[in-house]
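Dock chain B against chain A, hints included.
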Amino acid sequence: MTSAVLSIARYTFIEQIRNRLYLIILFFGGVILSASLLLAELAPGHRVRVVFDLGLLAIELFGLVTAVFGSVSLVLQEIESKTIYLLMTRPLSRSSYILGRFFGLLAAVALSMAAMAAFHVLVMLSNPYWFGVFTDGWPFWSTYPLLVLMSMAKMLVTAAIALFFSLFATSSVSALVFTGFFWVAGHFGAEMAFILKKTAAGPMHYLFKALFTLLPNFQYLNFRDLYAIPGFPGWSFMGSALLYAAAYSAACLALSAVLFSRKEF
Amino acid sequence: MRRVSRSVWVWLLTSVALVAVAGSRLDARLPWRYPLPNEIARTEHMGEDLGWLSLGSHRMAADMAYIQLLQYYGKPEEHEGHADGDDHADHKVEVSPGVYIHDAAAGIYPLLKEKALRVLYLDPFFNGAIIELGGALAFNQKRTDEALDYLRQAIRLDPSFYRYHLYVSAILYKQKGDDKGLLDMLLETAKTADCPPMVQGLLGNLLKKYGRIHEAAAIYYRMYVTSPRVEDRRDAAGRLAELLLERPEAAQGLPGPFPL
Chain A
1 MTSAVLSIAR YTFIEQIRNR LYLIILFFGG VILSASLLLA ELAPGHRVRV
51 VFDLGLLAIE LFGLVTAVFG SVSLVLQEIE SKTIYLLMTR PLSRSSYILG
101 RFFGLLAAVA LSMAAMAAFH VLVMLSNPYW FGVFTDGWPF WSTYPLLVLM
151 SMAKMLVTAA IALFFSLFAT SSVSALVFTG FFWVAGHFGA EMAFILKKTA
201 AGPMHYLFKA LFTLLPNFQY LNFRDLYAIP GFPGWSFMGS ALLYAAAYSA
251 ACLALSAVLF SRKEF
Chain B
266 MRRVSRSVWV WLLTSVALVA VAGSRLDARL PWRYPLPNEI ARTEHMGEDL
316 GWLSLGSHRM AADMAYIQLL QYYGKPEEHE GHADGDDHAD HKVEVSPGVY
366 IHDAAAGIYP LLKEKALRVL YLDPFFNGAI IELGGALAFN QKRTDEALDY
416 LRQAIRLDPS FYRYHLYVSA ILYKQKGDDK GLLDMLLETA KTADCPPMVQ
466 GLLGNLLKKY GRIHEAAAIY YRMYVTSPRV EDRRDAAGRL AELLLERPEA
516 AQGLPGPFPL
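Protein chains in written order, with this note's numbering: chain A, 1 to 265; chain B, 266 to 525.
The set of hints was computed from the structure by calculation and includes no laboratory data. Keep in mind that a hint or two might mislead.
Unchecked claim - One-sided excerpt, in silico: chain A residues whose CB lies under 7 Å from chain B:
| hint | residue |
| --- | --- |
| 1 | LEU42 |
| 2 | THR89 |
| 3 | GLU191 |
| 4 | LEU243 |
| 5 | ALA257 |
In this text, all values refer to a predicted model and were calculated from it rather than measured experimentally. Glycine included, each C-beta is placed from N, C-alpha and C at the ideal position.
One chain only, chain A, in its complex shape (with noise of 0.2 Å):
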């Protein structure tokens, strides 16, 4: 099982960094964060800050193009090409084929996100006395790379979601649409922690707590914001994170198997 599953893999990484699409989401990755220079000239006192938080929100954004788009396009155009009835003649679980496509778009997805994380840093680079200024006080270059892995990790979850729509919906349009709600309903988790508090127990209570518990909290995750505030838990909240995020999208993968198990080819 282990290797068709690294065989499709392959084969969908190689398929995804060859598209058209992936290549023109990284040069327009690369624009922006050169771009992001002229927007730091704006704020004088704060360029890195600026060219920091740009970057960070640019290479997640261009990630997340990445992966929904490749995911919601990854089984549903096999379909459409009719390409998977040949895979499926093959001794080949449903299952398998499902985790090797995810991880292999998923490698594709890390990959362009740790390209454009790179140029990011020469960005900041580009003025050292500013970068030496911003970095004063807290450890740049060991909090930077964690910054990146937990954004793969919300990609990770938001992939999920999408190949699970895209099995489920079985329209590119609606998959994209409910994915989307999800991953900005997904970032006011605090918010309705906030809300579910104050209602009193009675339906609409019930319904937040039934969206609550569906959606994926993407605070979780979001370190970009995380990081500065004052006596965040860093290291062990991590490992709780990147759990959840994992168990999350395996949650979705196993949904994703079931959908995809019981279509008839």
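Chain B in isolation, oriented as in the chain A frame:
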């Protein structure tokens, strides 16, 4: 319909259980201290701010709010007694008797506090900008009550940042006209690397007033070397040149020849 293998169901149930366990652990320890959107959404930029927040970026939202504030504060609009577009680059503000600071953006900016609050509520940990804006309200705009209220809100949102307390004390000394107390407080705040240029300029002027010319020269020099804005560097150069012309002995102890 094809049967789903049992291992997939086990996989699903195990994942759901792990999500529940990890989620409850994280809920208990999530140190989320950013204000809720109902506190943030108080300006005309509500839609824009919520847009950034929906992308999970309080920090970027605050950066944009700060840039918009600088554009507002840098404009000569509502400049008292002058038509729009007047050049007021040499405007001086008297911050305490006989002590002036240069203020490139002198004028009346009625929305300054509101815009500063927007930055504060989007990212209460943007300490450098918050101090700068509190200082602009207190020392440039002479709106000490507003500055105190602003910094008190900043302290409520991030009590761990002790320098807010120093600035509050400095503003209170200024309000009472106690130059000595103000000087001591500013000397304390100037020990940190991110002390705003405007505060450095004020400190230099107070030191000069009390005859501590070597310290005044050193602080002007530091302001010249470290200020990110060209206007602040030009201002620092002017003040240092003025001091050196009046008292050439103040140059002793400066790190090197003054690069005029």
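Hints and how they fare:
no., hint, verdict
1, LEU42, "holds (5 Å)"
2, THR89, "violated (15 Å)"
3, GLU191, "holds (6 Å)"
4, LEU243, "holds (4 Å)"
5, ALA257, "holds (5 Å)"
In this structure, the one hint that does not hold is number 2.
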